[in-house]
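Got chain A; can you put chain B on it based on the hints?
Protein chains: 2
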Amino acid sequence: MPPGFTLTTEICTYYWANKRSYPKGLTQDVEKNLRKMEDLPGKKFGDAENPLLVSVRSGARSSMPGMMETILNCGLTTQTIPGLIKLTNNPRFVYDAYRRLIMMYSDVVMEKAAGIEPADDMGIRRQLERIMDAMKQARGAKSDTDLSADDLKELTVQFKAKVKEVLGKEFPDNHMDQLWGSIGAVFASWMGKRAVAYRRIEGIPGEWGTAVNVQAMAFGNMGESCATGVGFTRNPGTGENAFYGEFLVNAQGEDVVAGIRTPNPINESSRSEQSKDMKTLEQLMPACYKELANIRKKLEKHYHDMLDIEFTIENGKLYMLQCRVGKRNGPAAVKMAIDMAKERLCSKEDAVNRVTPSQLDELLHPVIDPKAEAKTKAMGKGLPAGPGGARGQIVFTAADAVAWKKAGKDVIICREETNPEDIEGMRAAQAILTARGGMTSHAALVARGWGKCCVVGCAGLHIDLAAKTITIGGVTLKEGDWLSLNGSKGLVYNGKMDMLDASESNELLNEFLKLCNGIRALKVWTNADTPEDAATARKFGAEGIGLFRIEHMFYGKGADEPLFHLRKMIMSKTADERKAALNDLFPSMKKSIKETLKNMEGLHVTIRLMDPPLHEFVPQQKDKLEQLGQALGISMEELETRANALHETNPMMGHRGVRLGVTYPEITEMEARAIFEAAADLIKEGTKVFPDIMIPVVSLDTEVKHQSEIIHRVYGEVSKARGVKIPYMVGTMIEIPRAALQAGKLAETMQFFSFGTNDLTQMTFGYSRDDSGVFLKEYTEKGLLPVDPFQSIDQDGVGELIKFCVERGRKTRKDLKVGICGEQGGDPASVDFCHNVGLNYVSCSPFRVPIAILAAAQSQIRKPRKNK
Amino acid sequence: MPPGFTLTTEICTYYWANKRSYPKGLTQDVEKNLRKMEDLPGKKFGDAENPLLVSVRSGARSSMPGMMETILNCGLTTQTIPGLIKLTNNPRFVYDAYRRLIMMYSDVVMEKAAGIEPADDMGIRRQLERIMDAMKQARGAKSDTDLSADDLKELTVQFKAKVKEVLGKEFPDNHMDQLWGSIGAVFASWMGKRAVAYRRIEGIPGEWGTAVNVQAMAFGNMGESCATGVGFTRNPGTGENAFYGEFLVNAQGEDVVAGIRTPNPINESSRSEQSKDMKTLEQLMPACYKELANIRKKLEKHYHDMLDIEFTIENGKLYMLQCRVGKRNGPAAVKMAIDMAKERLCSKEDAVNRVTPSQLDELLHPVIDPKAEAKTKAMGKGLPAGPGGARGQIVFTAADAVAWKKAGKDVIICREETNPEDIEGMRAAQAILTARGGMTSHAALVARGWGKCCVVGCAGLHIDLAAKTITIGGVTLKEGDWLSLNGSKGLVYNGKMDMLDASESNELLNEFLKLCNGIRALKVWTNADTPEDAATARKFGAEGIGLFRIEHMFYGKGADEPLFHLRKMIMSKTADERKAALNDLFPSMKKSIKETLKNMEGLHVTIRLMDPPLHEFVPQQKDKLEQLGQALGISMEELETRANALHETNPMMGHRGVRLGVTYPEITEMEARAIFEAAADLIKEGTKVFPDIMIPVVSLDTEVKHQSEIIHRVYGEVSKARGVKIPYMVGTMIEIPRAALQAGKLAETMQFFSFGTNDLTQMTFGYSRDDSGVFLKEYTEKGLLPVDPFQSIDQDGVGELIKFCVERGRKTRKDLKVGICGEQGGDPASVDFCHNVGLNYVSCSPFRVPIAILAAAQSQIRKPRKNK
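Protein chains in written order, with our numbering: chain A, 1 to 868; chain B, 1 to 868.
In isolation and in its complexed conformation, chain A is listed as follows:
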């Protein structure tokens, strides 16, 4: 490794705190370190006879977006150029190095770090490239390696003139000016817009600062016995334990990444379609390759991880320039973690920590081929509501989606927003795209539950249902045209993009989850309404159902009959009418509960009593209304009057949840009876069942007392009549701020709590999930909110209520079981929060279960707690 030194972050912070005035300590440090560095190569920085060149790069967190690129060849001036030519006897090399310096320095230091925003996106770099292109064209040169020393010398003259013209400043001709300019640029990049935005999103404190590496140059561009390359100690795309890398002969580092020349593979296992006829480093410079392969092993042993390395070969001598932990994709990350734990290269905890939740997520869904995506501009952007990628032909109605799917077509259903009547169409579609709605809109909730690709709230999307067209980003597409969606990023693409399948290596996933399960303390349950959901979640390792919505039976396939009885019940005016309708509803409700309890045999199933406002179920179609009127024996006019009476201005805070159970106790009674009779049947059949009954939208202790009295009474009746005991619990959702505050009182009668963080977030912020999309996006963009609180628990506000609640609840009832069943249950930061405040479990959509398992394990490593 060429000698170098690092200026620490503290100096950087000091420097920035002092507004760009160089502190004395820093200048002394640099001088002292330069002298030390000069010892080894025996060259002097700035010396006319025997000049040392250096590279300057960010020395900490250098891979963060927005951090400065490396400046190479620093120290080349009219003073040092002649000496270097004399020394190397290679004027072409020297002028090549000089033109590179001018290009990099004028771009990175003189333009970007100075905060100059070029007009029309024509930065200085592109202007210089044009000059170079013109020169190549004039000389008939295919590549820059075809340019002669004189050509390059001429270029540097033209470059410097252009820099003066565009940036209004001379290119610095003093080695120390170049060095300090480069150092300043690294520090400046830490405070640049992109870096600041990234840190905000990732929650990285600005005070950390960066560091600066100054390193003696080794030259890969001195001729055919020189080369430069980058490598990974293992394959970053597959995770395979094989050295992987690329290099270029007679080049400098930037050429490998810039993609101007196609690089060679370092060995056979790095060979690709593109490089199939090229020589490898192993073939061209076997000694250097052998040394490099040895170093690769040493490095992995030392760092216990897969590394990203940079090297240069100067006249047959290998120099390592830098090494850092290598980036990898999801499947590779999982494979390497498992392998390294097996190889004892790292501990199990390290292995678990090495996979990020989004890497794990990559294994669970098909995605748009990243290569294709990198080349394509998205036509629109919405919220990333359902994971993975998808492509399909545009349809506009649920019926069409179902019909086209039957005809063997892949479709994407495009809607203003979706509602429960669209369910079958959404299921049939490859993906869902909506113009309105936020991360917890109907479409988003349903899609995430299924692990289906979905983009919602796509602001630029205009849907013309009559013409059957959509317009987005100025482009109009019609029914049947192809769209592709990236649901993990919220991007919409025109046309049919290449796809990568979901990893079929379930074995890999299972092995990794086993590692996590061996560590975590927090249990992971799932929100599941159907047997399919439950099966998926169980496969991933869910240990119970945290949310089974009793009203699920009114949506989707087979819902027609129960829905009809429900509607009769809703439209009833007298208790007698209502009871008759409930009696009709009872058999299908019992059947549905029985199926689910059977499917989850041996596990807890948390059944939430009726939650939505009743008017949500009032039919919109005329024929359905007429049918209903006939069944109830009332006129359409009367039916309309009753439907209108159910209308609410703010339904989210209206007559719903437990409030229905209080005003219509007969509903609660019917639900309890359906649950207990289903359970009794199963127990008699020898099935183990654990039904937990959960009361929603509670704000008063009197409400849960009122409801649990009904439930316990019905239990007594069923238990006596059927002669069985059922192991059941009664608990409450905590989704209203007042319920959180009253936890002590609620725990007097309630055996478990489950945080409904969707609603709790709504009420705590006063953000309607349906309406807040409009301003929430702006809030996160403007930095008023670090993150959408419907995606990740707001720990300052909502989190404080949760903490209060857990403390107070457990003070009253020591063994109170507490979980969360809101959408945030599958969000890693939220899982970490739940782990830390001592919840018993998180419950999330089936496809988030693996993510939650990983997050729970990482939380336990970060801050161990006793198992609960």
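Rather than coming from a laboratory, the hints here were simulated on the basis of the structure.
One should not assume that every hint holds.
Unchecked claim - With a Cα cut of at most 27 angstroms, we get these calculated BS3-like pairs of lysine-lysine: (1) B/Lys745 to A/Lys777; (2) A/Lys557 to A/Lys590; (3) A/Lys573 to B/Lys468; (4) B/Lys406 to A/Lys745; (5) A/Lys573 to B/Lys782; (6) A/Lys782 to B/Lys579; (7) A/Lys782 to B/Lys777; (8) B/Lys496 to B/Lys514; (9) B/Lys573 to A/Lys782; (10) B/Lys782 to A/Lys777; (11) A/Lys573 to B/Lys777; (12) A/Lys803 to B/Lys811; (13) B/Lys381 to A/Lys573; (14) A/Lys579 to B/Lys777; (15) B/Lys568 to A/Lys777; (16) A/Lys745 to B/Lys782; (17) A/Lys803 to B/Lys803; (18) B/Lys745 to A/Lys193; (19) A/Lys468 to B/Lys573; (20) A/Lys193 to B/Lys777; (21) B/Lys573 to A/Lys803; (22) B/Lys777 to B/Lys705; (23) B/Lys705 to A/Lys777.
Stated by the list, open to error - To spell it out: a stretch of chain B is covered by chain A in this simulated footprint if at least three of its residues, at any positions, have a beta carbon under 8 angstroms from a beta carbon of chain A; those stretches are: (24) 235 to 242; (25) 369 to 380; (26) 652 to 658; (27) 719 to 727; (28) 765 to 773.
What you are looking at is a predicted structure, and each value in this text was computed from that prediction instead of being measured.
Using N, Cα and C, we set each Cβ at its ideal position, and we do this for glycine too.
Positioned in the frame of chain A, the structure of chain B alone reads:
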């Protein structure tokens, strides 16, 4: 006073705790006390020769609803009757006493206390009365005094047979059975339905229990030298310092109150229209009257209050039966409090404590004549949304209300619900009646602000706009028919009821408020949008404006022009369109603010920035929409699209308040500029102004930072340009639970907080103010909620957030000013809460200012705090 004794509450509690088994201590006590009591008259309870009779009544909290009436003549049995006849030589008297005992005892003890619910409301008492009526008819008797001893004897035989027949039990013929039965009935009445319900509403603990008084009988029904009466030491209707009372010759206590015979006045000052030709006690029995008048003075001196007394004259000898603090109406209470403080009969604090807030309220509004109301059955019941009473002819539209009013008619406007476009009609009407909405619905808020009579959410009310009729309680009324409303109780009456004017004695009110002001620590501000509101409130003593809604100018008279500009702004699509509309809006906004600041010269005026969701201002009428489209130069279709885009599912939690200011900073900027320029103008004119700018709907500290930066910047600009300094503050509403939790952070930039308890209650409970009426009524009726939390602060939940918030806010900023401007600011229990948690002020509707002043003074007496 005849001798007697009291069984204390402790024994009562013990008795009830032990489920109706008489404790030994109690029986011994009774025996011991009976013996003592017998000494003085020299008679013996149950003795055949010389029998003592006793009365039994509740001895504590006897005037509470549901408490048992007095049982007279206890101890009359077949054993004692002959002796008493011999002793008094007055068989008529004895049988009269006996038939009274049977009537009272069978009713109160054998039926009510035993919990028997008579069929068809035909209780035993009414059945016995029927027998007596038949007897009177048979004898041609006008009054029961016309019945002979034999008649009465015969009656008692028939009575006892009927009792046996109806209640299935013999009337007890043992004196001790009668006594114990009566004692048990007193205790039982404490646990009766009515008493329990009353205690729940008033927050009186059940453990207090009651006591029992057993007293030797004095007889007012032994002949013409006997009498019985009740009196008040001062006039309970006017407060005048004059002895007031009524009496009957040859009667027992129950006759005076029962109203069967018209009682005589005790003196001239007690004479009424009805009794104008009757003899007074002063005339009939001057010695007794003189003695009574002396006792009256002694009692007031002893008890320092106006007393309600009962007396009996037995053969020319005066006996006092009981005295207790007398009930009085509002004006009387205020007058007596002031007088007694002046007479040094009580301290200033006592005087203030003696007037209840609802008594004070009586002085502020006209009311339906209580006498008329007592005789009339209400046809419907809704929520008591605006105080006092009113009568008027039914109209259905705002325009009609205004037109009829102009034509000199009194009208009541009847609507499904009201909206801002109805404002002028509501102002013109005597009262407002709506079918929907709760205590904080639009109609309720507006009416309470004006002190106008209003009943909302009248569930049984059906309005047929086409037919111009209303149907309520089965009665259909048409436009122009008369209605009367009691807005303090929520009652609706058919027809034109007699009214009592609001007290014109402002002097009385002012004098009383001065007493209160001398005591209280909590400041009282007002919520006022118009100069009239402000003037009213100032007259009552408001010390600042706690809520001036900047959008008030878009409602009511003169709103057309600013509203038009506002609508242009709302419908703007680009920032430029919006800025142009804001420029047009600026002059009228500045003018309106200037007027108010001028009107409140020298006082703080808290100006709340734009609060409601924008779509609230989108016009409904087609012509207004067309006008708007023309002004903006866009098609109706485009206009509709823009209007639809503003639609929200849950507008209360949507894009409103500070969220508008964040997404459209130009709105905040315009508002700030209007405020500061108005203030600058006034200061230059020599007017003292204190504008406080309040940011609504805040949930994040970043929001207030964002907004206050704009406000401070605009201040700097205006201040510099105009060369004046303006004493202003910037603060925030606390109306979102998260804001309360984040108080510490908010106080970093905010100089004051004001609790918007309407919204805070909404979010903390998840109760939509517009929709919760449906179930809230049932919740309070079923006892799930002690009181509507929109009327009185929910101290357990919302109150806890308020406490947190005050603590945390003041921890950051010691001198943080904290107030409340929600509707509960005028509710006495809420004022008490605010006093105790250390708020600086409460702000309420102008007509609640006196109530708040009184409540604040009473709080200071109850729990003194240092002035802030």
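inquiry  = Given the hinted pair A/Lys782 and B/Lys777, is their Cα-Cα distance within 27 angstroms?
reply    = violated (43 angstroms)
request  = Verify the proposed pairing of A/Lys579 with B/Lys777, using a straight-line Cα cut of 27 angstroms.
outcome  = Distance of about 23 angstroms is within 27 angstroms: holds.
inquiry  = B/Lys496 and B/Lys514 were given as a pair; does the straight-line alpha-carbon distance stay at or below 27 angstroms?
reply    = Violated, at about 37 angstroms.
ask   = Within a Cα-Cα threshold of 27 angstroms, do A/Lys782 and B/Lys579 meet the stated pairing?
value = holds (21 angstroms)
message = Is the listed coverage of the segment 719 to 727 of chain B by chain A valid when you require three or more residues with a beta carbon under 8 angstroms from a beta carbon of that chain?
response = violated (count 0)
ask   = Given the hinted pair A/Lys557 and A/Lys590, is their alpha-carbon gap at most 27 angstroms?
value = Within the cut-off at roughly 17 angstroms; holds.
ask   = CA of B/Lys777 to CA of B/Lys705, is that 27 angstroms or under?
value = Since the Cα atoms of B/Lys777 and B/Lys705 sit roughly 41 angstroms apart, the hinted pair is violated (cutoff 27 angstroms).
ask   = Hey, B/Lys573 versus A/Lys803, does the alpha-carbon distance stay inside 27 angstroms?
value = Between B/Lys573 and A/Lys803 the Cα gap is close to 43 angstroms, so the pair fails against 27 angstroms, i.e. violated.
message = Holds or violated: B/Lys745 and A/Lys777, Cα atoms, limit 27 angstroms.
response = OK: B/Lys745 and A/Lys777 at ~23 angstroms, within 27 angstroms.
request  = For the pair supplied as a hint, A/Lys468 and B/Lys573, confirm whether the alpha-carbon distance does not exceed 27 angstroms.
outcome  = holds (26 angstroms)
query = Are there at least three residues in the segment 369 to 380 of chain B whose beta carbon sits under 8 angstroms from a beta carbon of chain A?
reply = violated (count 0)
query = Are at least 3 residues of the segment 765 to 773 of chain B within less than 8 angstroms of chain A when you compare beta carbons?
reply = Held - the segment 765 to 773 of chain B has 7 residues with a Cβ nearer than 8 angstroms to chain A, which meets the minimum of three.
Going down the numbered hints, you'll see the structure goes against 4, 7, 8, 10, 20, 21, 22, 24, 25 and 27, while the others check out.
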